[in-house]
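Two chains, each in its own frame: build the complex with the hints.
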Amino acid sequence: MDWTYIQGILMLAGINLIAVLGLSLLTGFTGLFSFGHAGFMAIGAYVGAWISASPTSTPAGMGLPFILAIVGGGAAAGVVSYFIGRISLNLKGDYFCIATLGFGEAIRLIFNNVNRFGGARGWPGVPSNSTFLTILIADVVAVLFLANLVKSRHGRNMIAVREEELAAQIAGIDVFRSKMTSLVISAVYAGVAGVFFAHYMTFIQPKMFSLTKSTELTIIVIFGGLGSISGSVLGALVLTALPEILRAFEIWRLVFYGAAVILIMVSRPKGLMGGLELTPSGIRKWTAERNALRQAKATLLAEDSGRKED
Amino acid sequence: MAAILQIRDLTKQFGGLTAVDAVSFGVPEGGIVGLIGPNGAGKTTIFNLITGIYKPTSGSIEYRSKSIVGLQPFRIADMGITRTFQNIRLFKNLSVFDNVLTACHLSANYSFAEAILRLPRFRAQEKRLMAKAEELLSIMNLLDYRDLIANNLPYGLQRRLEIVRALALDPSLLLLDEPAAGMNPDETEQLMRLIVRIRDDFGLSVLVIEHHMDLIMGVCEHIVVLNFGEKIAEGSADEVSKNAQVIEAYLGTSEEAADA
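Sequences listed follow chains A and B, in order. Counting along the first sequence from 1, when you hit position 292 you're at 283 in the working numbering, and nothing is skipped either side. Add 981 to the 1-based position in the second sequence for the working numbering, that's all there is to it.
Quick caveat, the hints were computed from the structure, so don't treat them as lab data. Accuracy of the hints is not assured; some may be wrong.
Unchecked claim - Covered stretches of chain B (chain A as the covering partner; in silico rule of three or more C-beta atoms under 8 Å from a C-beta of chain A):
(1) 1013 to 1024
(2) 1054 to 1061
(3) 1089 to 1097
(4) 1183 to 1197
(5) 1209 to 1218
Computed from a predicted structure; not experimentally measured. Note that the Cβ used here is the ideal one computed from N, Cα and C, for glycine as well.
Here chain B stands alone, though its shape is the one from the complex (with noise of 0.2 Å):
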């Protein structure tokens, strides 16, 4: 299958410390990968170099075969890679629909002049941004809480309108930064069939970081796990899970923690 993201010899560092050592992976076309690793290895940065908010310090990033280092993140977000944030980022006092509505901003086109005089294609493609919005509202079951102020949405939720915001954008690759963080196992579990659904259903190709063991061994076909900014293993659920280094990685070395 071909890649949509193709990372090669990805490097960062901050200073004298390496945060990212010559990591290289891809992302196959229409494929669920999981980048998995104690904290600090380096996830969350590889994300940031991704979406352009880090310059890389050396290494490639291929998007659809074509460079997008140095790119400003929202040349990126433009291309189809977007993302959701660990610590959540909403616009926290807009409403759900403004959130959504938002993010539509790409698929409209009016000019400054347009909008000032409210002329006829202002008023059609708004129209159009706000059927989209709230179209994407239902299929993501937040239609309720449309009115809602952002803020006061409960913690699932608002992740949950994380991803709708990201999916206003029309991806082609979704980044998703500890989506079941803080979430209890029966709404990490709905959020695993989510994410598979919303794959089959945009056509996504999705990148998720997670530590919730659970998730990541029932959604990913295909997982990467980092260990102090190095790639230490890569291959099925089944591989990584026997592979020796990630056992050291995360449970140490002790003989009672390799039994357990």
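Here chain A stands alone, though its shape is the one from the complex (with noise of 0.2 Å):
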């Protein structure tokens, strides 16, 4: 194995993980299964490599930097998400999850369809702009940014939200309005995905976006564990390498890839993290509650022979 080959690997998991951040602050942080992230990985897609293609190629694109392309990618997908939600996010539970699964299909039919953008043919003149150094840096700063919301009054609220919806109503706070900015925030880290992957790529075609790369983002969130950003770095790193290093079993890459993810869910049903995080405030978080838990365990036991004795 030479360092190209992981370093590609390592490239795709990269662009894998900032789809996965945005889906970890919507299915894990606020309790919104989504199948149809991979319509605004599209989206993203779509719009980067219209921005960033140069106009001597076919399909034409604008030629302005690549910059531009990660905004406008991001953007497009956001703005589109808000038109989403507003129609979905009333609805409950798994009739939202529907909803945003038929929504990603219905996403890759229409660039199926248009044939200004390469129709099913897809587009092959995307620059190939998406390096190691640019992906790492985008990576670095969609962690970062996510880890403050969620410590944040805004990321409290939504996870309120998922732990109870009508008291967080009670508690004063807008649950749709909490649903929404966390669904446009996961559509824009999705979308801005997608950008880098056309780039990395370099050929784009609506079937990269089906349903499959959409179920394959929710497993990773919730294969790494809901709650969890560090669940979400780990989880996007071995799931995205382990296709790969599966290589050798050649037919039987899917099979034992399936298997693979089995066992881990049955072994840590509540994913690799489970809800902790890696950072030192984190693990502090995890000790003070499991010393928490010893101590109230301790005070009870003792008022029950307390009582006893009585």
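And the structure:
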């Protein structure tokens, strides 16, 4: 194995990670499941390609700098998600999930039929702008923004919505707005991931953004552990690399992939990290919670035996 | 005394069932009012109507002389009305501290960008929120359990935590839905003192639903009695407990029951 090969896998994992972090906010922190995030990736990928592809290529782009493609792709996905949210976020639980599934497929089919963007044949002329460094920078920024967000009142409101929607409302939290913010941010993340993906592959095609891609993202979030950013990072690394490691099994590769996911989920039902964070403050919190539980048990036992003696 | 909450001819129908039928009563500023009645009398429905979870079929609800009918629950909470639930609804997987900290959010107004970039205003306000949550826990004797996951808290303390979370919103009117449910006489006694104390310390008005008659008779200055969605009596503890209709609703009409 040479470094270019490993680097390629890491870049793919890094791109997946951006989308996974977005989905982690929506699913892990706000409690909304989505099976349509590949749709937001597609929007980001196509808008990004349109902005940065050269005007002489077919289909023609605008030939603008990569940074504008990132901003434009992310913003486009965010705007679309706002309208999707307006009509679907009032749906309860599973019904929202079904709506996102429909949305993801609809987006794929739209791009399949828009000849301006190459239709089903795809768009071959995307510049190769995604480098190891740009992806790394994007990942670091994405992780920092998300970590700061979930530790603020805005993030806590989203967590409250996940925990107990009715109680969140009574605590003065605008549940709809919290869900909407979470959805838009997660769509922007997915859109940006789509831009990097397009500029990594240099060729995009609607079928790259199928339901399988959406499912893969959701699997990574759950595999890493709902409500854990470190879990999403680990999940994206492990599950993007796993199919490559399993290449030796040739046609049995995906069978082993499935078996490995099942094995880990059975042994760690709450995912790799189970809501914990691998940071100094996360570990401190974890130990404090464990100590508190031990102490509470001891106090209750003492009270109980005290009562018996009475 | 001026009424902080005034309900007039409040009616709620679910299809053909009239759960609340033309009920009127008020909660005076700084008062503790009890809402009692047999199961299914419509008490919790009235709480759901006041907090905006249900929309009334007809009638008015005025808070500080302003109608709150049709407002979203979070707006009503923002205005200063908050409640606890009969079947406790905590943020179960969060620590005791985080439960209260989350509910403190109305005391901060830093923006999204300020949070993501950790600007000075964000840090200053967060520090204040944490101090506030800590202080509330300490006033309510829950500081020892600060880091415990709410779900692991003993039952009685979960009820208390729900009250603390409500207090974190700096409410003016607190609605308690059967706060003593499942508590032994000792704990009920403690809770009574607690209700009076928070009314005095936080300058609140309280409306409480309860089945424990000692609690109702002990702390409520005014009692409203419901039966089958209708108000059948209202008055002080003494007046209500002598009311023939109330005795009938609770104990039936047979002679042995009346003697008991």
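Verification of the supplied hints:
1. A count of 0 residues in the segment 1013 to 1024 of chain B with a Cβ less than 8 Å from any Cβ of chain A is obtained; the coverage claim is therefore unmet, three being the minimum.
2. Counting residues of the segment 1054 to 1061 of chain B whose CB falls under 8 Å from any CB of chain A gives 4; the rule of at least 3 is met.
3. By the rule of at least three residues with a Cβ nearer than 8 Å to a Cβ of chain A, the coverage given for the segment 1089 to 1097 of chain B holds, with 5 such residues.
4. Interface restraint, the segment 1183 to 1197 of chain B with chain A: violated (0 residues with C-beta to C-beta distance below 8 Å; minimum three).
5. Here the segment 1209 to 1218 of chain B counts 0 residues with a CB under 8 Å from a CB of chain A, which misses the bar of 3, and the coverage is violated.
When each numbered hint is compared with the structure, violations occur for hints 1, 4 and 5.
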